[in-house]
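Participant: Sequence:
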Amino acid sequence: MKLTRPSLKDQALAVIRQGMVSGEIRPGEIHSAAGMAARLGTSNGPVREAMLTLVEQGIMQVVPNVGFQVTRLTDEDLDEIHELRLMLEVPAMRRLGEEGIAGREEDVRRHAEESAAAAAARDVARFLSADREFHLSLLELLGNGRLVKFVANLRDQTRLYGLHNLAEEGQLESSAAEHAELLEALVAGDGERAARVMGTHLGHVRGDWASPLPGAGPASATG
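Its first residue numbered 1, the sequence shown is counted upward by one per residue in UniProt numbering.
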């Protein structure tokens with residue numbers, strides 16, 4: 001979990017965000033900026049800035065004089081997030097398919113290949129990063145920055161606690177295969193197929209991927 005790229009705040013933000021989505025950073029746990037910085041091997045400043053960014057997005061909240069904790073989400077919250085993603089991402093992929101992405105798919109294909117490699121290695125952290133980059137890079141091709149930011153925020157609020165079990169069972173490959181299928185439909189200019197694949201893909205997010213967090217118990221404090 002050491003940070004190596006230029007922007008420490010952005011790196012910290014990516015690692016913390018990924019930890020919340022996967023369940024490594026659990027709702028109810030309290031984290032100080034100093035404790036999280038020590039865990040990531042960096043200074044307090046970038047980590048605190050990253051946590052405050054997540055507070056602004058409504059994904060974390062401040063616990064006065066103690067630290068930060070992940071905002072708890074109910075099943076109803078997760079249902080609303082899933083519904084919004086269906087409303088936004090399915091028609092977005094239909095439109096992108098109708099427009100076609102031939103000649104513009106190099107970066108997207110790289111992320112799809114990375115997700116496949118991560119799935120084969122049963123590396124959840126690497127898979128989550130590649131999955132995020134794959135879908136957001138597709139949305140970027142539509143040229144609507146607000147759409148990309150809004151979907152990115154919805155993804156950050158998603159909870160995918162079932163991924164670790166799926167990885168252990170070797171089932172992440174099917175999701176990576178859907179990336180390849182979606183990309184194939186988009187390159188072929190098949191908007192309806194792209195929308196259908198995207199709908200199926202998002203179904204996993206609220207289904208298999210969102211199973212309860214193993215061992216979830218009372219809130220604990222760290223850092």
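Hints may contain errors.
Claimed, not checked - Straight-line distance between alpha carbons at most 25 Å, and here's what the computed DMTMM-like set of lysine to aspartate or glutamate pairs gives:
1) Lys9 to Glu140
2) Lys9 to Glu29
3) Lys149 to Glu105
4) Lys9 to Glu80
5) Lys149 to Glu178
6) Lys149 to Glu76
7) Lys149 to Glu113
8) Lys149 to Glu114
9) Lys9 to Glu178
10) Lys149 to Glu80
11) Lys149 to Glu99
12) Lys9 to Glu24
13) Lys149 to Glu106
14) Lys149 to Asp107
15) Lys149 to Glu49
Honestly, the hints are just simulated from the structure, not real lab data.
Participant: Next step is simple, just say for each hint if it's right about the structure.
Facilitator: Right, here's what the structure says about each hint:
A distance of roughly 22 Å separates the Cα atoms of Lys9 and Glu140; the hinted pair therefore holds under the 25 Å criterion. For the hint linking Lys9 to Glu29, the alpha-carbon distance of about 21 Å falls within 25 Å, and the restraint holds. Restraint check for Lys149 and Glu105: satisfied, since their Cα atoms lie roughly 20 Å apart, inside the 25 Å limit. Restraint check: the Cα-Cα separation between Lys9 and Glu80 comes to about 29 Å, which exceeds 25 Å; the hinted pair is violated.
At roughly 23 Å between alpha-carbon atoms, Lys149 and Glu178 fall within 25 Å of each other, so this suggested pair holds. Restraint check for Lys149 and Glu76: the C-alpha separation of about 22 Å stays at or below 25 Å, so the hint holds. Restraint check for Lys149 and Glu113: the C-alpha separation of about 24 Å stays at or below 25 Å, so the hint holds. Taking the CA atoms of Lys149 and Glu114, the gap is about 22 Å. The hint holds against a cut of 25 Å.
Between Lys9 and Glu178, the direct Cα distance comes to roughly 32 Å. Violation of the 25 Å bound is thereby established for this hinted pair. At roughly 17 Å between alpha-carbon atoms, Lys149 and Glu80 fall within 25 Å of each other, so this suggested pair holds. Distance check on the hinted pair: Lys149 and Glu99 sit about 21 Å apart at the alpha-carbon level, within 25 Å; holds. Restraint check for Lys9 and Glu24: satisfied, since their Cα atoms lie roughly 19 Å apart, inside the 25 Å limit.
The hinted pair formed by Lys149 and Glu106 meets the criterion: a straight-line CA distance of about 22 Å does not exceed 25 Å. Our distance criterion of 25 Å between C-alpha atoms is met by Lys149 and Asp107, whose separation comes to about 19 Å. Of the supplied pair hints, the one linking Lys149 and Glu49 holds, its CA atoms being roughly 18 Å apart against a limit of 25 Å.
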